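Trainee: Dock the two chains into a complex; use the hints.
Single-letter residue listing:
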Amino acid sequence: MTQYIIRRLLQMIPITLGILTLIFSLIHLIPGDPAVQIAGEGARPQDIENVRKALGLDQPLWKQYVTYLKNLAKGDLGRSFRTGESVAEEIKVRYPATMQLAFGAMLVALLVAFPLGVISAIYRNSWIDNLARFFALIGVSMPSFWFGPLLIIAFAINREWFPVSGREEGLRSLVLPSVTMGLALAAILTRMIRVSLAEELNQLYVTTAIAKGVTRAKAIFSHALKNALIPVITVLALQFGSLLTGAIITEQIFSWPGLGRLLISSITSRDYPQVQASILVIALTYIMVNFISDLLYGVADPRIKLE
Amino acid sequence: MKTAKRLLRNFAFTSGLILTVALILVALAAPLIAPMDPFTQDTARRLEAPSNDHPLGLDDLGRDVLSRVVWGARVSLRVGFSVVIIASLVGVTLGAMAGYFGGLMDLVVMRLCDILLAFPGILLAIALVAVLGPSLNNVVLALATIGWVGYARLVRGQVLKVREMEYVTAARALGARSPRVIIRHVLPNVINPVIVMATLGLAGAILSEAALSFLGLGVQPPTPSWGAMLTAGRRYLGLANHLAIFPGAAIMLAVMGLNFLGDGLIDALDPKYRKQLT
Chain A
1 MTQYIIRRLL
11 QMIPITLGIL
21 TLIFSLIHLI
31 PGDPAVQIAG
41 EGARPQDIEN
51 VRKALGLDQP
61 LWKQYVTYLK
71 NLAKGDLGRS
81 FRTGESVAEE
91 IKVRYPATMQ
101 LAFGAMLVAL
111 LVAFPLGVIS
121 AIYRNSWIDN
131 LARFFALIGV
141 SMPSFWFGPL
151 LIIAFAINRE
161 WFPVSGREEG
171 LRSLVLPSVT
181 MGLALAAILT
191 RMIRVSLAEE
201 LNQLYVTTAI
211 AKGVTRAKAI
221 FSHALKNALI
231 PVITVLALQF
241 GSLLTGAIIT
251 EQIFSWPGLG
261 RLLISSITSR
271 DYPQVQASIL
281 VIALTYIMVN
291 FISDLLYGVA
301 DPRIKLE
Chain V
1 MKTAKRLLRN
11 FAFTSGLILT
21 VALILVALAA
31 PLIAPMDPFT
41 QDTARRLEAP
51 SNDHPLGLDD
61 LGRDVLSRVV
71 WGARVSLRVG
81 FSVVIIASLV
91 GVTLGAMAGY
101 FGGLMDLVVM
111 RLCDILLAFP
121 GILLAIALVA
131 VLGPSLNNVV
141 LALATIGWVG
151 YARLVRGQVL
161 KVREMEYVTA
171 ARALGARSPR
181 VIIRHVLPNV
191 INPVIVMATL
201 GLAGAILSEA
211 ALSFLGLGVQ
221 PPTPSWGAML
231 TAGRRYLGLA
241 NHLAIFPGAA
251 IMLAVMGLNF
261 LGDGLIDALD
271 PKYRKQLT
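Protein sequence lines correspond, in order, to chains A and V. When the letters of the first sequence are read in order and numbered with this note's numbering, they come out as residues 1 to 307. When the letters of the second sequence are read in order and numbered with this note's numbering, they come out as residues 1 to 278.
In isolation and in its complexed conformation, chain V is listed as follows (with noise of 0.2 Å):
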């Protein structure tokens, strides 16, 4: 109750919270408040301005630029998600297991960070795209494999601490099995930058998805993506620049808002995370 008070007397964390919830209400909601669907043509009004029928205008194609931001919230969330979801599940059990059992564990896991940390995350996962081809999926598979390593770190610092705290050594004592010692006392403990490092793990897996996007590396069309969106608006700057400027702010909007959660999340619980997040 207390740190949910906390909570919400930051600033940062509020507006970010507002933000955030708007995004996953107009995912979850778009067939409810999308005004058109997001696929239907209307060629001969293509590239319209925004006007009463379509507050933010027609495509290159004629179709409403409204419901394509609207539906683009789902396919970023979807690609956010499910990299977050992987990366830490990944990361975290690879980082526990390193940090607990050390030896061999350690040294393979480490290395394997240290070689994806020296190379240049997007780079990376624009070199798997490339090989796997592009599409939703690979997208995710690309931003995975370059995610986990972060969880992994801070989980492994993390454990390294609370494996020779007494309390693990009286639960080893009293005939607890590895597993049972790092699910039940470890990981508890480490829990809370966990959550942080996902929140803005899910801001960083929605820019880099839209970045994938704009280079034609990642959703393809028709699916209405944000950064694909993007794309096709470079090419009608100065004749239409709605189709450039509308799915731009949007993924602002989404970014900034997850990013001031996390912000707010740190200085709220505690302080002392920002040195292990930076």
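So that you can see chain A by itself, here it is in the shape it has in the complex (with noise of 0.2 Å):
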């Protein structure tokens, strides 16, 4: 096991420094001179100037990535161009708001696909079963930016029961957000579930319990369900990386003051150390979480040799 996190770890050097220097020559790709570009219309030649000192694009190219790289392992991401203030600091402040999200819409898609997976698997073909299939149809086709408004408009709206947008009335502020997120990921664990725990049921180690005495619903929820979770799992923590992209999408929808309102916001006003230290810190997120989820699922199933 110490083996293979090493290894896993070794292997990850790569794929992050490939993805520092994605996201290093972002800059680089922008059309024609990027001081020219980022300055915007009607600057000065001394604005230019300005501009090409403080991302150092005034160095050669080998010398930008190498102090690009020194300041990343210093933690330095950059100061703003809008407010001057150190990218770092402003993305601390963000964080949270982003986790409260996805950990809020994970809440949200276990509440609804737990149930629901586990009657569509113990009840397959009836029409609870179909009504928990055609959720998930629709769940995995709805666009979130459709979705997130029409909640607004019946349960913020038409019903004043939560805010429209913002964070400020703490866990009311939350639920409609996290609804909006949490839809797809709920579609995508009742078809995990019922797939998952139907195929258990069909197992010889259920017959026998049953035969020999054990009830049905023990057979079911202490033998089978185990099982048929350890998949399930590790699906929930692949998701969980997705979910921090789907946020970009939902903090636009309900001006939610995190990571990704943040990246959008310094993509419009042309803030690009803004922008690269945002997209740094959600890459980077994403591959530790798959990384963690890899593990789990050695956790999760002792039959599971990581190798």
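It is worth saying that the hints were derived from the structure and are not from the lab. Remember, it's a predicted structure, so these values are computed and weren't measured experimentally. Built from N, CA and C at the ideal position, the CB exists for glycine as well. You can trust all of the hints, since none of them are fake.
Which chain V residues face chain A? A few, computed with CB under 10 Å, are given here:
| no. | residue |
| --- | --- |
| 1 | Gly121 |
| 2 | Ile122 |
| 3 | Ala127 |
| 4 | Val129 |
| 5 | Ala130 |
| 6 | Pro134 |
| 7 | Leu207 |
| 8 | Phe214 |
| 9 | Gly216 |
| 10 | Gly233 |
| 11 | Ile245 |
| 12 | Ala249 |
| 13 | Ile251 |
Mentor: In structure tokens, the structure reads:
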């Protein structure tokens, strides 16, 4: 296991370097002279020169790259063009808001998918199973930027149960964004749980348990469900990564002050150091989460040998 | 014939096909079926609710929402098809070469795939559009940049299997050169899963275009894009809900149709693809 972790960590180095290089090159992808583009229309030559200096664009490329990596290692992500503050500080403030949203969405997804998936696996091809499958289909096709506004119309405007946007009202503010973001995940999990549990219920050990006098409920819940949940845990962990990118859209719908909203607003104001840093943090979190989900897989099922 | 019959008996496929054909027809016939010009403004009647003259109401600039939804189908499909065509051509070519030639070629292509896969797709698209500037063409470019990876991996895997088949060895022994072997003997064997992936990819591209446009990073006004229409609609929630409801419904129907079609194709062509595609 330790060997596996070390090897996976080593494998992450080239991938992380690749991503860093990709994010570093973004600035150089700007068509024309990046400094002129970033300084904006009608900028004085002095402004352009300042931008060039601030971004280090006057240095040779390899030197820029080395400086970039050096600063990263020190935790220095650069200074915002807009505020002049360290971009890392802004991210520190925004990060918890995005995490809160991601966990909220996950909770919603579990609360919906767990009962629905289990019931439809037990009563396969019944009306409730069909309903669950229909829900799963709708859930994956429904774009969050449509579902969110529909929820706002229904539960924030027509019935003033929840705030329309923002994060000021604590848990009440969290409900609609979490439901918006959790829907697609709930749909995927419902399908997973149904398939996985249905497969386990067909196994001989379940039949044997029932034949030996164990109640059906016990056979399902304490025998089959445990095994059925292994693939579900992996999917859940893997999907956490996509929740992070889903947050970019959901935060925009609900004006939620997280990383995603920060990213979009810095793009609009051409605050490139902030753009680079936000992308970097989201991408690195995504990689870490996927790594942890891989490890979790091995812990959840002792039968799986991670090599 | 047999395959066609089996496909049509598949409920998901048939309903997906109907929705998709409807979408394509609406896009092609937009100038004929849109009741009004999608750009004509009637500011005196802005945000007006659906009525007999304007079945889906008027938007924030007094433009006919139905006409804009109809024309929006063109934008969605244009982006969708462009992305799928570019991504599949690039992906299939690189994947086939990586699988067939192996060695350095394989190493470089596959590492590139690893990096792109480790990076959340939509985030990369956002980053690319952010630096290239928001426009329809840049959206296509960004989505194709993340889209080719799936095809490359799929085709590479298939080619690795097919490469060792006796008929390929036979073709080579008869003096066929590599490009001929790949195009005539290897690719026909991997085309079915590619078609399925392209169908699902079309749904994905339409959804991503709408998402980027919703974020203000996609198709720019006044071009009617469903995603951009939703952004405007979000500002008038409570005042004019029809602005958000109808474009969103259009996105959902289009995406659902294509997803059904792709799902039906998987079941009907060969269920074993399900594993390779997920």
